[in-house]
Amino acid sequence: MREVYLHTQDLSVGYNGRPLIREIRLELARGQIMTLIGPNGAGKSTILKSIIRQLELVGGAVYLDGRDMAKLSEHDVSRRMSVLMTSHIHPELMTCEDVVATGRYPYTGRLGILNREDREKVAQCLALVHASDLAERDFSRISDGQRQRVLLARALCQEPEVLVLDEPTSFLDIRHKLELLAILKDMVRSRNLAVVMSLHELDLAQKISDYVVCVHGDAIERQGPPEEIFTADYMMELYGAARGSYNALFGSLELEAVRGEPAVFVIGGGGAGIPVYRQLQRQGVPFAAGVLQENDVDYPVAAALASKVVGEKSFRPIGEEAFRQAAAVMERCETVLCPLTDFGPVNEKNRLLRKMAEEAGKLKETRRPEGGASPFPVSVHGQTASFLTEN
Amino acid sequence: MRKVWIRYTACFVLLAVLLAVLLVWNVSAGSVDFTASELLAALANPLDAGIIWGIRLPRVLAAAILGGALAVSGFLLQTFFANPIAGPFVLGISSGAKLTVSLVMIFLLSRGGTAGSMTLIAGAFAGSMLSMGFILLLSRRVKQMSMLVISGVMIGYICSAVTDFLVTFADDSNIVNLHNWSMGSFSGTSWDNVKLMSWVVFISLGLAFLLSKPIGAYQMGEVYARNMGVNIKRFRVELILLSSILSACVTAFAGPISFVGIAAPHLIKGLFRTAKPIVIIPACFLGGAVFCLGCDLIARTVFAPTELNISSVTAVFGAPIVIYLMASRKSGPAGRASS
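Sequences listed follow chains E and V, in order. My numbering puts the first sequence at residues 1 to 391. My numbering puts the second sequence at residues 1 to 339.
Mixed in with the good hints there might be a few duds.
[As the list claims (entries may be wrong)] Dumping the calculated DSSO-like pairs for lysine-lysine here, alpha-carbon to alpha-carbon at most 30 Å:
#	chain 1	residue 1	chain 2	residue 2
1	E	K71	V	K233
2	E	K313	E	K207
3	E	K121	V	K195
4	E	K177	E	K207
5	E	K308	E	K364
6	V	K213	E	K71
7	V	K213	E	K121
In case anyone wonders, no lab produced these hints; they're calculated from the structure.
Kindly generate the complete structure, drawing on both the sequences and the hints.
Structure representation (structure tokens):
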């Protein structure tokens with residue numbers, strides 16, 4: 001077990017002496033990323049602000065490298081901890097290079113004049129976040145994504161041992177989110193940094209964190225490695241979400257299923273069904289899905305969105321029992337869709353279902369660009385024509 | 001990097017040249033006019049030398065030193081409030097100082113005494129701090145930049161109204177001086193005054209310059225400044241004290257002078273294209289000096305022999321800049337007073 005670098009002891013945080021969250025016990029080692037998650041307003045930022053001493057502690061203590069932070073001077077803390085917070089800053093007439101250079105503050109002399117070494121470090125940090133080309137640009141005239149990267153460079157330039165980030169990915173598009181977190185992960189590894197941050201994006205939190213802390217109500221509700229935290233039931237509970245569902249394996253969210261007697265039967269599998277399920281859900285059409293092995297990529301989505309799923313055990317060919325059940329459900333549906341085009345020994349029964357539907361005149365074409373069953377037919381989303389408008 | 005330093009050097013040279021030219025021009029111009037070449041010859045003539053040494057030079061030096069002090073005070077306040085239109089005059093700090101100085105003067109004059117410069121500075125400082133205290137209290141509740149400035153202007157009006165009231169009903173004939181002073185003027189500055197103001201201003205300026213590192217950090221906002229190792233509480237006190245001393249000193253000697261504290265820093269930042277305090281603090285001092293010398297020259301000579309009060313002239317040049325700043329901020333995020 002690695003040595004703990006930052007820890008809190010019975011920490012209570014809040015405003016004006018009134019505790020908002022009590023009994024916070026966190027432990028973070030270098031080389032680890034700890035992520036705070038929880039609903040809006042739960043107090044993630046309050047905890048971070050208390051750790052960086054922006055807010056006075058209501059009770060307890062924060063220890064940095066075994067020393068009580070309350071007893072450390074600003075200067076001592078600044079050489080060990082740097083921050084990237086959500087507060088928008090509008091420095092006047094500063095280039096991105098100037099902003100990054102402020103990270104050298106704890107290391108420069110009385111008047112803060114940079115020496116050659118400082119300058120090299122500034123350039124290095126800009127390069128690390130792929131922002132060297134921004135060096136001369138005015139900080140107030142770059143995009144949000146660029147700004148976050150420049151501020152991350154500033155934080156790194158301070159040569160911290162622990163980095164505190166408050167929702168570093170808010171306002172960023174998907175590309176910049178991934179880029180920022182990738183840089184962060186690299187830094188953690190190469191500089192042996194400890195990182196504590198708050199994130200809104202559960203999928204990203206699940207993937208990047210070594211340790212997850214769930215802030216809910218007036219306490220830390222749960223904490224542990226992501227495998228223990230990101231279960232479907234707990235995520236719904238943590239966020240008090242009653243509608244829709246959370247897929248723990250992929251960290252993805254699905255909307256609520258359309259309830260009711262299925263009107264459409266979808267023969268899917270191997271990813272072919274997912275876009276059809278989504279479209280039916282959007283149109284508010286209750287549907288049944290089948291027959292899907294439980295390890296089929298379509299299965300979790302069907303389970304989240306369909307009013308009925310006919311399944312088969314993992315790794316088994318579709319058996320008689322499942323087939324009969326599917327046929328019975330299909331019987332009661334007016335329409336059958338079969339986006340599935342690949343049939344083999346394992347899903348032979350699905351071909352039979354398709355044939356039955358065709359004979360009964362229930363099979364409608366799902367229009368797909370260029371036949372071929374690509375496993376993830378994303379282009380189906382691009383089609384505006386509804387599957388059901390022919391009716 | 002090198003390019004930037006060339007720019008800074010060029011700008012400093014420009015300011016120094018302007019300052020020198022205006023110093024000479026101010027000393028030469030007046031009811032008895034000298035050309036620059038006559039100036040040296042005039043010094044040999046006891047009568048002319050009396051005018052130059054005894055009257056003009058101290059006045060000109062006072063305008064330069066106090067103008068510089070106002071500009072630096074404005075820059076410090078703008079940093080403190082993260083607000084480009086903060087300044088000792090618009091925030092009512094000068095008017096607060098004016099009120100207390102009037103009180104001190106009336107009190108001492110009515111008892112047949114005279115008010116020494118030190119006493120006036122102390123009185124002005126107390127008034128500055130009083131207004132500053134009000135503004136700080138308000139800035140906790142009023143988060144919008146423009147509202148804070150309006151509050152400051154109102155405080156200024158209240159203080160001016162009380163001052164006018166006192167001046168009107170104080171019937172001592174010496175009060176005439178008080179009236180002139182309360183409109184703002186550099187006239188009647190003695191060498192002793194210059195000596196004292198130099199001490200106060202240059203020491204404060206030196207201290208402000210030594211604060212340029214934390215000021216630079218504070219420009220990034222309080223959160224980051226703290227993270228960089230700035231002791232925020234102490235720093236804020238230092239900033240307030242320095243800016244109040246500087247503006248109090250100006251008010252004590254020359255009365256309230258409007259808008260220099262906003263206009264000069266703004267023009268200087270535009271000229272240098274940076275807000276780095278290590279460059280801007282000395283540059284602001286030079287810029288404020290040039291601005292005030294220019295305005296004083298106009299005040300003395302345009303309608304000679306009638307002399308305008310200095311604030312009228314600085315307002316003509318300074319107020320448009322403030323309007324411009326307010327208008328140009330609307331596209332940016334709403335400014336806020338730091339809390």
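Holds or violated: K213(V) with K121(E), Cα cutoff 30 Å?
-> 19 Å, holds
Holds or violated: K121(E) to K195(V), with C-alpha atoms at most 30 Å apart = 46 Å, violated
Is K308(E) within 30 Å of K364(E), Cα to Cα?
-> 20 Å, holds
For the pair supplied as a hint, K213(V) and K71(E), confirm whether the alpha-carbon distance does not exceed 30 Å.
-> Cα-Cα ~24 Å, so holds.
Pair hint outcome, K313(E) versus K207(E) [Cα-Cα no greater than 30 Å] | Given that 30 Å is the threshold and the Cα spacing comes to 28 Å, the pair holds.
Within a Cα-Cα threshold of 30 Å, do K177(E) and K207(E) meet the stated pairing?
-> 13 Å, holds
Is K71(E) close enough to K233(V), meaning Cα to Cα at most 30 Å?
-> 16 Å, holds
Violated hints amount to a single one, hint 3; each of the other numbered hints is respected by the structure.
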